[in-house]
Amino acid sequence: MSGTIFEKGAGGISGRYIPENDFPDEKIDALAARKGEIGLPRIGEQDLIRHYVGLASKNYHIDKGMYPLGSCTMKYNPVVNEQIAGLGGFTGLHPAQDERDAQGALELMHNLESALCEITGMSAFSLQPVAGAHGELTGMMIARDYFRDRGEDRKVVIVPDSAHGTNPASVAICGFTPKTIASNEKGLIDPGILEKEIDGSTAVFMLTLPNTLGLFEREIARIVEIVHRAGALVYMDGANMNALLGIVRPGTIGIDIMHLNLHKTFATPHGGGGPGSGPVGVREHLADFLPVPRVIREEGGYSFRHVSDKTIGRVHSWYGNFNVFVKAYAYICSCGAEGLRAVSENAIINANYLMTLVSKWYDLKYPGPCMHEFVASGSNLKAYGVRTTDVAKRLLDYGLHAPTVYFPLIVEEALMIEPVETEKKETLDHFASVMEKISIEARENPQILHDAPVTAPVRRLDEAAAARCPDLCWTGPGGCGE
Amino acid sequence: MSGTIFEKGAGGISGRYIPENDFPDEKIDALAARKGEIGLPRIGEQDLIRHYVGLASKNYHIDKGMYPLGSCTMKYNPVVNEQIAGLGGFTGLHPAQDERDAQGALELMHNLESALCEITGMSAFSLQPVAGAHGELTGMMIARDYFRDRGEDRKVVIVPDSAHGTNPASVAICGFTPKTIASNEKGLIDPGILEKEIDGSTAVFMLTLPNTLGLFEREIARIVEIVHRAGALVYMDGANMNALLGIVRPGTIGIDIMHLNLHKTFATPHGGGGPGSGPVGVREHLADFLPVPRVIREEGGYSFRHVSDKTIGRVHSWYGNFNVFVKAYAYICSCGAEGLRAVSENAIINANYLMTLVSKWYDLKYPGPCMHEFVASGSNLKAYGVRTTDVAKRLLDYGLHAPTVYFPLIVEEALMIEPVETEKKETLDHFASVMEKISIEARENPQILHDAPVTAPVRRLDEAAAARCPDLCWTGPGGCGE
Amino acid sequence: MSYIQNTDSDRKEMLRVAGASSFEQLLEPVDPALRVKGGLKLGRPMSESEVLSHVGAMASRNRPAGSAASFLGGGIYDRFIPATVRYVLSRSEFYTSYTPYQAEVSQGTLQAIYEYQSMIAKLTAMDAANASMYDAATALAEAMLMACSIKRADRILVPAAMSVRVRAVLESYAAGRGIRIEEIPWTDEGTMDHDKAGELLSEKAAALVVASPNYFGMIEDAAGLSELAHSKGALLVALVDPVSLALLSPPGEYGADIAVGEGQSLGIPQNFGGPLLGFMATRSELIRKCPGRLISATTDIEGKRGYVMTLQTREQHIRREKATSNICTNEGLCALSAAVYLSTMGEDGFREVARQSAAKSHALYRLLSEVEGVVLPFGENFFQEFVVRMPGSSESFIEEARGAGILAGIPISGDYPLLGGDAILVAVTEKRTRAEIERYRDIAAGKGGAL
Amino acid sequence: MSYIQNTDSDRKEMLRVAGASSFEQLLEPVDPALRVKGGLKLGRPMSESEVLSHVGAMASRNRPAGSAASFLGGGIYDRFIPATVRYVLSRSEFYTSYTPYQAEVSQGTLQAIYEYQSMIAKLTAMDAANASMYDAATALAEAMLMACSIKRADRILVPAAMSVRVRAVLESYAAGRGIRIEEIPWTDEGTMDHDKAGELLSEKAAALVVASPNYFGMIEDAAGLSELAHSKGALLVALVDPVSLALLSPPGEYGADIAVGEGQSLGIPQNFGGPLLGFMATRSELIRKCPGRLISATTDIEGKRGYVMTLQTREQHIRREKATSNICTNEGLCALSAAVYLSTMGEDGFREVARQSAAKSHALYRLLSEVEGVVLPFGENFFQEFVVRMPGSSESFIEEARGAGILAGIPISGDYPLLGGDAILVAVTEKRTRAEIERYRDIAAGKGGAL
Ligand SMILES: Cc1ncc(COP(=O)(O)O)c(C=O)c1O
Ligand SMILES: Cc1ncc(COP(=O)(O)O)c(C=O)c1O
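Chains as they are written, first to last, in our numbering: chain X, 1 to 482; chain F, 1 to 482; chain S, 1 to 451; chain L, 1 to 451.
This is chain X alone, in the form it adopts within the complex (with noise of 0.2 angstroms):
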C-alpha cells in the first residue's frame, strides 16, 4: 500500500473536523471564482494516519541511533521541551496581541536573550532570525548600516575557503563582493596571508569558530587584532558553539557580530529541515543596528520597543521561531552553567575519543587535537575504487547515518564527523567498529559498497534524471511531463 497520498485518496471521503456554518451566506458565491477542484485528496483518517506512520518508518532520525553528521550537531532532543513549547499558554499566542496578555512569552525571550549573553560574551542579542544563514544575513545587514552609518564605502567581506556555503550566500544576498582565503596546511587562517588581504574596502572579517575541520584558530587574537586595525569587523558563524560553551565567550575575545543556531547547539529538533532559530549577538557599537522590535525590561513588564533609528529594520514578520525559543531556554534551565561547560567538554572528549579510533582505518590530514568535530577521508579507499559516497551508503545499511561528505571541499574525499555530547563512549566504540569493518570491505570486497545501500527503502536513487527532468509536483501516475 504505498503510492502518495493522492493516489490514497483519490476518490475517498475526508472526516468532518468543523461544525456545519450557521451563517449560510449567498455573498459568498460571488467571491468564489475558483474554478474546478483544488486537487487536494480525500481521505479518510485512518489511511491517512497510516499513510504519514508509514512514511515515518522510512526515516532515520536521533530516536533511532548515532547522527555523525558533521557541522550539524544532531544531539539528543529532550521530550520535555517538546511538552513544555507545546503549552497553549505559548502556542495559542498571537503576535499583535496586548502585551499586558504575552509577558510570559517576553519575559521567556528576555532571559533567554540575557543567557545568550552571557553564554557569549556578548553586549546583545536579537532572536529575530529563524535560521543560521539568515543570522548571517542579518550579521551583514548590521555591518553593511554600520558602515553606511559611519559614511565609509566598504563593499568587501573576507571569507576563508573552509567556511560553510551559507557563509559566502549569505555575503553576497547581502550586496557585498566575498572574497575567498585560503587556510594553510594546518587547516587554520594564516595571518600574514589575511593582513596581505585585508584593506580599506574590507567590511567584514567572516570565520566559523572551531572552523569546519573542527579546529580552533590558535591565532584568534591577532586575527582579530588584523581586523580591527584595519577597521573591519570580525564576524563569528557561531554554529559551531557546541565546543566553547562555558570555554570560550566570543565577544570577550573580540568578535563583533555572531550568530547561533538555537537548533544546534541548544538541543531544539532539526524537524527534517527546520524550523531553526539563529539569533544574533553584538558588541555594545552595534547594538543599535539590532533588528526591531527588541524585548524590553522596566518597571512595569515587559514590551516590545523601537529602540534606535539606526536599525536595519525588519528580518521577519514578527519575532522569529518563538516555539523554537522555548526548548532553547529549558534546555539551557536544565543544563545550568555547569552542565553547558559539560556539554562542550564532553562533545570534545567524544570527538577527540572518535578521531583516535576513526584515524587507525581513515586518512586524517589535521591531526592533533579537535574541538567537537574532526574531518577523517576516504582518500586511502580511492585505490580500491571505493570512494567515500560508497563509505557513507555503506553505513547506511549497518543502521547507522553517515557523516557529512565531501565537505569541507578543502579536504579530499571528506568525512566530517560529529559525535556529540550526548552520545555515550560504547556508542562510538560501536561506531568506529563499524567503519573498520566498512575500510576491510572497501579493501576485500569493494562491490558490496558500490551496491550499498540494500538495507533502507530505496536503493541508491537516480538524481541525474531528477536534475534532467525534475518531478516536483504530482500531476498523476505518470509524472514528469504531464
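Where hints are given, some of them may not hold.
[Unchecked claim] In silico SDA-like links for lysine to any residue, alpha-carbon gap of 20 angstroms or less:
#, chain 1, residue 1, chain 2, residue 2
1, F, K437, F, N380
2, F, K425, S, I287
3, X, K425, L, R152
4, L, K304, X, R468
5, L, K204, L, R152
6, L, K151, L, S284
7, S, K304, F, T455
8, S, K41, F, N380
9, L, K447, L, Y365
It is worth saying that the hints were derived from the structure and are not from the lab. Everything numeric in this text was worked out from a predicted model, so none of it was measured.
Starting from the known structure of chain X, arrange chains F, S and L with the ligands on it as the hints suggest.
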C-alpha cells in the same frame, strides 16, 4: 545495539527529574531497611528513548495496517480522543476528591452510562468493570446475588461450546458450575438441546451475540423465552456489539445482563493488552445489584451514591477505567446515532464481502450471511502439509497481521477474520489477494510457509523451551536458571 | 465525524460481490421484529472541533491536582511523571497494538512487558511477576483465590487497617466461592495485632494478608508476621506500596509467598482512579499457580533472543473453566508506563522519590505535632502517609484548605469508626513543596486565612 | 538535568585512548588567556520538574487564544487544527531528523515534502513550489531578488496596502543590493490604484507585487494587474493567503509568475508569530532561478519510485556565493504540518474552512454596518478580514472587548496614517461562533457591559 534495558543501563547515569530534597531527614535512614540495590537500570535519557523507540519499531499496530483478528474488533483509534483523554482536567483528578471538584468527570460518566443504556436497551449500567472478562465476572456476581436474594439455590451456568474462553472461566471464578452445550451444525445454539439441559439448578444461560462464528442466533427469541421460563437469566457477552449498533438493542429482546467491551466496540485502543473497560448493563429488576458507587444526577449536580443494599459491592478499587470512558464517550459523540448505525452496517458489509473473497481459497463451514466477522478454515491446505499457523506466519511476511487462529475450537484449523468498519474496500482486496497468494504457495511451495516469517524482527520462537524453563525475569546475561 | 472510509459506490460494489441486493438482505438472520425501530436516541454526529469543546468543557469543570496541592492518597498518589512516559506511551506502536498473539511481530510489547516483570520482581525481591492485573484490589483478590487453591482452604485473614474498597473487592470475589475473610484489628500503634493474628491463625487459613504500609500509612513488622503465618501453615500475602520498597524491606526478604500492590505511583496519572496497575509477584515454585499473563525470554529457530507468552495453559483462552483466572485483557499499557517510569528515574532517582516522600511526610507530621489540639494517634513509624485528627471538625478544616488550594486529605472515620473522632488520612509525596507543607500547617494552626 | 551519558570512568578511558592526560590537554589550541574564567553566570542545573514549573509558569502568564475569542489577523490566524497534525508532528522520525542529505534513509521526509510541494502548486495553480521559506515576508523578499535577477532590473512596485512588517523585511533585503521599492497607493475601495500602477510601470520594473487579499482584507483585480504588469514587461508576483485560494481565483489562473504567501493558516499554531511557513511557487520556466530546496520524484537503480533533493546547483552548499539564495535550514516541519492539515481537511473540508471564514466575517461586517457610528471604509469586497473605525476611540473599544474575553482586532492607523481616525483590522476565521460574533457587535454597539 539490542539487548534489555538492564544491559543498556548497566553502570550508566540517569537524568535528574525531581528537585533536591529540601527536607533532609536523618530519620529516613532508620526506615531504610532495604539491603543492597534494587537492580533498576541507570540509563541516560537519549538511550532510554532509543530503547523504547527501538522496541516500538518491532510491533505491528493499527496505524501500520489492517488487523483482522477475529473477536478483537481492531478498529482505528481516533487520535483526537487520545488528546482529549490527556487533558489535565481529567488525568490529574484524584478519585477521592470532593465531588464538587469533579463535576465534569461525573457528568461524563453519567452521560456515558445513559448512552450505553440507549444503545443496548438495558436499564442501567455500571462502568466499574475494567475488562470484558471482568464484566462477565461482575455479571455473574449479579446473578449470584440475585438468586441468593430470592432464596434460590442455582449453581449452574450453561455456556455454548463456541463461547470465548473467558466465559466459562468467569463462571468458575464466581463459584458457579459451567455446563457446556454443543452448537448445532449451523453453528448456532439448538433450542432443543438448551431446553433439555436447562432446569431449576440453572442460574444463567450465557451466550455471545453475534456468536464467535460471527453468526446471529436466529432463535434468540425462543432461547430467551426458554431461559426465562426456567427462571434463569440470560447473560449476553456483548464484546461483539460492533455488529449490532442501531440494529438490535439486547435489552429490548430480553437479555437480562450484558457487558460491553469499550476497547473493542467504542474505539478505545487496546494498548498491547489493556487497559480496557467492560461496563455491565442490566434490566430494571437487576439494577439494585449493580456495583457501587453509582453516579446519580440531582438538582445540585452529580454525585456518587451507595444506592441499594442489594449491591454486589465493588469489583474495582475506584470507579473503573475512567481514562477509557473519556475516549469511548468522545467516540460516541463523534458518531452520533447515525454514525453508530453506520459502524455496524459497514462492519457487516466488509465482513460479508471479505468472506466472499476469502472463501474462494479457504474452506467455510458456515456459509450464508455473517455479521461482523466470519470463520474460515485452512483445513483444505492440510493435504499439502500446511497448517493454519503457517498461513498466519506467512501473512506476517507480507506485512499484514494474521487473523485469530484455532479459535473458536469447534472449527478445525480456524481462521477467524474480523475486518471492522474502518478498513476500506481496497484494503480488504489487498488482504484477500495475499490470502490467495498464500493458498497458492501452500500448494506449490509449502516450505515457504513453514519457514515463515522471514521478514519479521525474529523467526519462529521456541515456545516449548520457554514453557519448560520459563525465563520470566532478567537476572543477567544467562537468564533462566541463574 | 466518521471514521468509515468506504464510499457509497464501494458499498454498492461490495454488496454486489457478496451477492446481496441491499444491506437489509445481509440482516436476514435477524428477525425484523427484533430490530431497532426509528434509530437510536442519541445526538447527531459531532465534528472533531465540537467533540473537543463538548468534552473539553467537562474537563474544565474539574479541579485537578495541577491546580491545587494534593495531600490525597489512600492508594492513588500525585507524583511527578517524567516526560519520557507520555512520549513512549503516545507511540501508536504500543498503544494501538493488540495482545501479542503473533509474537514475531509483537517483540516490542513482549520485551517491554518482560522488562516490566523483571523490574517488579526486583522491586519486590520475588522470583517473578506477571504481566499485570487490573488494580491492587483485584490482584489481592486473585492472590486470595490462588492461596486458597494452593492450600485447599477457604479462609483468609486480613488486617482491619486495610482499604475498605480493597476489602469490598475481596468480599465480592470471595462470596461465591465460600471463602471466609476474617479481620485482625490494629493496635494502639496502628499496626496489626500480632497476638490476635496468632490466635486466628490457629484455625486453618490459606493466607495471612499483611499490608505494609497499611491503610493508615504504618509500617508493619512484616518479617515477624511472615514467620508467624508460616509457622501456622498459612501463606503470607504481602500488599505493598511499590515506592515504599525503595526504602523498606521488600516482600522477598521477609519470605512472602505472594506480593501484590498498586502500581499507579509508577508513572501513571491519577485519572480519577483508572486505569490502575495491579502487580503480582511470587516465588518460582508457585508460578504455575499464578493468574494472568506471563512473558518469557526464549530463542527463535536461528538462536536469536526473543520473547513469547508462556505457561498459557494456566490461562482462560486455553484452559477455559480450569484456568487459574479469567483475566484476559489486563493493564498492558500501564505496565509499560511503570517500566518507562522506573527506567527513567533509575535506581538512584527512584530511591530519591521514596526518600523525599518519606522526608516530606515526616516533616509535615512534625510540624502538625507542634500545633495545639492536633492528634496524631499512631506515632512516627509510617512511610509517607499518616492519620491525623484536627482540633476542630475535619470537614471544616478540609473545606478551609480547599478554599486555599489544598486538598488536605481523605476523611476516614466513617469507614473506620474505631478511629474515633474525625480522622483524616494525609499523604505527602515527593511533589509537595516546602511552601505547600507549611501552608498546610498554617491552616491547621488556624492561620490559613491570610493566604 | 543532564543529557550526557558518559560516566567519569568513561571519560577517563576516552582521554587515555585519545592520548590526553586530562581534558585541559585537549584544549591546548585555545590560548588560556582567551578562556572563560570562573564559569558562566547562569543558574544551577534544574531538574525536569523544576524546568516544567519555571517555564510552565511563564506560559500561564500569557493569555492565549484558547482563553479568549480572537479576531486578530494581519497574517496570523486562530484556526482549527485537527488532532492528526500534532500526532504526526510528534513522531520523532519527523521532528528529530536532519535535512534529508542521505536520501535513501530519508524517504519519509522527502516524500512528505514532495507532497507538500504538490499541494502548494495545486493550491496556487502554479507549476511547482519549493520546500518552504522562513515566512511570507522573506519569501516575498526572495521573490523580489529572483525577479530582479531574471529581469536584470533593480526596481519593484508594491502596494501601499501591504503589511508594514513585510514591507520592512523587503527593505532590509533590498538595501544592500540597491533595489528601489516603490509604493502604489490604494483607492477609496481599499484596493490598488490601477492608474497609478500603470504610471509607475512605465519606468522599467522587475516586478509588480499584488497582495490579494491585501492587508486590509480586500480582494484585488489580480487578473487586470497581471495583464498590466506583463504588458509593461514586468513580472507579476502574487502575495496570497492560502485559505483564500479555496474560493478566489488562484495566481496560476491570472498568470502570476511567482506566488508567495504565509502558510501559518495551514495547521500551524500561532506560537506568538513563529515558526511560520513561507511558501513560494512559480512557473516551470523559472524553476531553476527559484531559491530554496526542491524535492523531485525519481527512481532507484531497481526502478522503484523514490525522492531526492534536486537542482542543488541553485543552492548555497554547492554554489556558495553564486547560489540563488542563502537559505539552508528552512521550515520543513511546518511544511509537513501544512501537508497533514490539507490532506486531513481534504478538498471539501478545506473549501469549507474558506467558505465559513468568508461567511462569518461578512456576517460580522453586516452586523457592524447596522451599528450607528461604525465606519466601514472599504465595502464588502473582502475575503475574511476588514477595516473598521469604531464610534469612540478604538483603544477604549479594544480595551472593553479585552475585558469581555474578546481580542477585537489590530489597531492599524499608526502604521497607515492615511486611513485616518482610529482604524482596526478585524479577522474572522471559521473558528468564531455566532455567540462570539454577536457579542462583538454588542460591544461595538455599547451593549457589551452586561455580559
Ligand atoms: C557552520 C555552519 N554555519 C551555518 C550554517 C547554516 O545554518 P542554517 O542551516 O540554520 O541556516 C550551518 C548549518 O547548516 C553550519 O553548520
Ligand atoms: C467475545 C469476547 N468475550 C470476552 C472477551 C474478553 O474481554 P477482555 O479481554 O476485555 O477481558 C473477548 C476479548 O478478548 C471477546 O472477544
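Can you give the numbers of the hints that this structure goes against, from lowest to highest? 2, 3, 8
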